[in-house]
Amino acid sequence: MVSVVNDKYISRRKALGTAAKVALGVVGAAIVGGAAYMAYQQTAVPRKVKLEFTVWNYSVETIRDNIRKFMQQYPDIEVTLYDFNWPDYPSTMVQRFTTKTPTDVCYNGEDWLAQWAEAGWVVPLQDYWDKYVTKKKFNEYVNDMVPFAKESMTYKGKIYGLPYYSDMFTFMYNDKLLKDNGIEVPNTWEDVLDASLKLKEKGIRYPYVLQFQATNPFDFYAVFSGAMGRGARLFDENLNPIFESEDHPFYEHLQWMVDGLHKYKIVNPDYLATHETDAAKKMGAGEGAFTVLAKYMLAAMNAPGSSPNAGNFRLALMPGKTHEAYGFAKMYNMTRMCVDRGDAAIQAAITFIEYFGASDSPVLKRWAVEKGLGFGFLSPYNDPDIAKSLVEYYGPGADKSIKEQASIAKTIPHPVWFGQWIDYSIKEAIAKAFAKEITVKEAVERMAKRARELRG
Amino acid sequence: MVVGEKGTKNRETSPYFFILPTLLIVGFFTLYPFFYAIYMSLTKYVIYEPNTIGTFVGLKNYEEIISSTYFNEAVINTLVFTMVSVIVIVGVAFAIALILNQGLKGSHVVRVIMLIPWAIPPAAAGLIWRFMFQSFGWINKVFVDLGFWNEPFYFLSAPRSVQIIFAVTAQMWQQLPFCVLLLLAVLQIVPKDVIDSSEIDGAVGMSKLRYIMLPYLKSALAVVAAYQAILALTTYDMVYTFAGGTYGLISYYAFAEMFQWGNFGHGAALAVILAIMTLLVILIILRIVPPEKLYRYSFTGE
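Those protein sequence lines, which keep their order, are chains G and S. Using my numbering, the letters of the first sequence correspond one by one to residues 2 to 457. Using my numbering, the letters of the second sequence correspond one by one to residues 12 to 313.
One chain only, chain G, in its complex shape:
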């Protein structure tokens, strides 16, 4: 290529050479300038420890406000929050961890703890806590934990976190509706059926409200907790499934649900489209009288002004022989990525987790008082503000009934394959049994077979 500029010929070689020199000059200036800026950053600006914190999207504005207050108290720690859709949280975190996207502290749940721990993504907090500066020793917190919360956060004998939120799937009912119709609070599932049939005659089309979108573990527990009230367990100590016989409480409870849907028609047929918030709305609108949901939904249903029936809802012991309910804990975990960053990052993460998850944490108290969220420690029950909020959110006597239910609530073993077993069970077995595509017998056989496949 030859071009003519002002009667001068410029060769291709010269043009390319000039362009290369200019490019080198620009790159060189960028490198020098960047290095100078970084040096300035290192010396002139005080160094902060940065933490990347991931959560699911419950009350994200409250979390942001809590973080803001934390950073005011600890100005040398900078926290960046990432929130993800609740049903997609575990799969999003798997992608995050496998691609090694920086994550220092994360929410975790009892359903996924075993997988994440085995994969080496999260670390036992108890192995690090006492080596760093904290307000209390780790055992002081552990000794104060509610038993099922502690068990939910334990894997292979080690405790992996402090509880963000701990709760139970509890039996809730519309107290005014029962009193107005002369119905006693049910003590067994047969009582629930009888009460529902009476209410059906009075015009309540589907007195038992079922949430079962079949998208996340809460759908499983909303059913399984009812079975626990009958005394159900799923696996023996060797993780062999034990629920296949027709007289097993879990089998009986699934059959109760199927009969409720198709034979007695006391359960809402749009359960697949019913999220827990939809269930609360149905209860609030007077469309239902009984349900089993995570306890914090009782607070939502009783929130003043939330519905015509706000304030009428109460918690009763889970119907059944043992009155047990499913208890669980969601927790704050520290990640392996954080540990690999060194002491400063570990100290920052532990300080952050203690601020958010300790038994006397301002965050714990705020969740309890403002949102009615459950907690995984015993001592907060003695806090007068929290005790008052329990009554406000859950009704008169709630502080006693909640404590009573919590004292007998249980969690269940969560082996490494449990999360995928639940996912399979709700989609391929329970949902199909509810739709009468298969019998309950076929459903439990599928679930048992899948458990044996996964267990190995």
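You may find that some hints are simply not true.
What the hints assert, rightly or not - Below 27 Å or equal to it, Euclidean Cα-Cα: the simulated DSSO-like pairs (lysine-lysine) are: (1) G:283 <-> S:152; (2) G:201 <-> G:437; (3) G:177 <-> G:15; (4) S:55 <-> G:157; (5) G:201 <-> G:266; (6) G:137 <-> G:101; (7) G:132 <-> G:49; (8) S:152 <-> G:266; (9) G:266 <-> G:322; (10) S:152 <-> G:282; (11) G:389 <-> G:372; (12) G:49 <-> G:22; (13) S:116 <-> S:55; (14) S:55 <-> G:450; (15) G:264 <-> G:442; (16) G:180 <-> G:70; (17) G:411 <-> G:389; (18) G:157 <-> G:177; (19) G:138 <-> G:70; (20) G:201 <-> S:152; (21) G:389 <-> G:401; (22) G:203 <-> S:152; (23) G:137 <-> G:49; (24) S:203 <-> G:450; (25) S:55 <-> G:101; (26) G:401 <-> G:437; (27) G:203 <-> G:136.
Unchecked claim - Simulated DEER-style distance windows between Cβ atoms: (28) S:229 <-> G:456: 48 to 56 Å; (29) G:437 <-> S:210: 49 to 57 Å; (30) S:60 <-> G:66: 35 to 43 Å; (31) G:99 <-> S:116: 52 to 60 Å.
If you're looking for bench data, these hints aren't it; they were derived computationally from the structure. Ideal placement from N, C-alpha and C gives every residue a C-beta, glycine not left out.
We have chain G; now place chain S onto it with these hints.
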């Protein structure tokens, strides 16, 4: 550019150098993941067994998923969804294209309005239709208010064999605009004098459609059917947001195996199986419409 013997040689090879960067980028984002997925499907990759990650296991992943409790149903769901989608979408698109080809008043406006669903992401389309099919959704509201039925119908709790109809409805709503526009474009290049001659000779209605217009449309219909088949086979986002995984397609289980159940080897094997199924569909279509005809259609529409 320097011209001459040396220049001639440069002219033959230099175009490849110009497209090389693009080829590298495209290859990195398409070929690399494809071959890596095949590699992953032949290895053990379970996130909660990190010490075994990368161990070569041959076809074991394929054996395990094929013998799993969900595989047969996933294949049936996928094939049924694909077949029903193709038949319904192509059929309805063809009918709408024929109507719009009449040049009726307002057809230009209809063509524009029809494009709106195509602009909506599939995941959003699934959510929209999920809300519409709810017991309190507008479909129930309209039918109850008009007196067609007394109480809401619980579409989303219907058996799987019925739910497929609703899932295909959502897919059709989203994909129809593209198919209609493609077929309409082809209809408009059918020679008018051929149609006029056939009408003079007495061809009307279905006979005109079958013997005069369809031969021109065969290639276009094959292209649309192939495109819809590939979309339906590989669709994940729309069906997931619509049915939440309760209507399990192979694509859903590939995702679930990897990101919900932590077994990337199984997920990759499912993805490879899906790719093979898609390839088979393409080969079948190419048997119906030979490549040279498809090539001619792509550039001339004939």
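Checked hints:
{"no.": "1", "hint": "G:283 <-> S:152", "in the structure": "17 Å, holds"}
{"no.": "2", "hint": "G:201 <-> G:437", "in the structure": "22 Å, holds"}
{"no.": "3", "hint": "G:177 <-> G:15", "in the structure": "92 Å, violated"}
{"no.": "4", "hint": "S:55 <-> G:157", "in the structure": "24 Å, holds"}
{"no.": "5", "hint": "G:201 <-> G:266", "in the structure": "9 Å, holds"}
{"no.": "6", "hint": "G:137 <-> G:101", "in the structure": "32 Å, violated"}
{"no.": "7", "hint": "G:132 <-> G:49", "in the structure": "21 Å, holds"}
{"no.": "8", "hint": "S:152 <-> G:266", "in the structure": "22 Å, holds"}
{"no.": "9", "hint": "G:266 <-> G:322", "in the structure": "24 Å, holds"}
{"no.": "10", "hint": "S:152 <-> G:282", "in the structure": "18 Å, holds"}
{"no.": "11", "hint": "G:389 <-> G:372", "in the structure": "13 Å, holds"}
{"no.": "12", "hint": "G:49 <-> G:22", "in the structure": "39 Å, violated"}
{"no.": "13", "hint": "S:116 <-> S:55", "in the structure": "62 Å, violated"}
{"no.": "14", "hint": "S:55 <-> G:450", "in the structure": "22 Å, holds"}
{"no.": "15", "hint": "G:264 <-> G:442", "in the structure": "17 Å, holds"}
{"no.": "16", "hint": "G:180 <-> G:70", "in the structure": "45 Å, violated"}
{"no.": "17", "hint": "G:411 <-> G:389", "in the structure": "26 Å, holds"}
{"no.": "18", "hint": "G:157 <-> G:177", "in the structure": "46 Å, violated"}
{"no.": "19", "hint": "G:138 <-> G:70", "in the structure": "23 Å, holds"}
{"no.": "20", "hint": "G:201 <-> S:152", "in the structure": "23 Å, holds"}
{"no.": "21", "hint": "G:389 <-> G:401", "in the structure": "12 Å, holds"}
{"no.": "22", "hint": "G:203 <-> S:152", "in the structure": "25 Å, holds"}
{"no.": "23", "hint": "G:137 <-> G:49", "in the structure": "24 Å, holds"}
{"no.": "24", "hint": "S:203 <-> G:450", "in the structure": "65 Å, violated"}
{"no.": "25", "hint": "S:55 <-> G:101", "in the structure": "20 Å, holds"}
{"no.": "26", "hint": "G:401 <-> G:437", "in the structure": "40 Å, violated"}
{"no.": "27", "hint": "G:203 <-> G:136", "in the structure": "57 Å, violated"}
{"no.": "28", "hint": "S:229 <-> G:456: 48 to 56 Å", "in the structure": "54 Å, holds"}
{"no.": "29", "hint": "G:437 <-> S:210: 49 to 57 Å", "in the structure": "55 Å, holds"}
{"no.": "30", "hint": "S:60 <-> G:66: 35 to 43 Å", "in the structure": "40 Å, holds"}
{"no.": "31", "hint": "G:99 <-> S:116: 52 to 60 Å", "in the structure": "57 Å, holds"}
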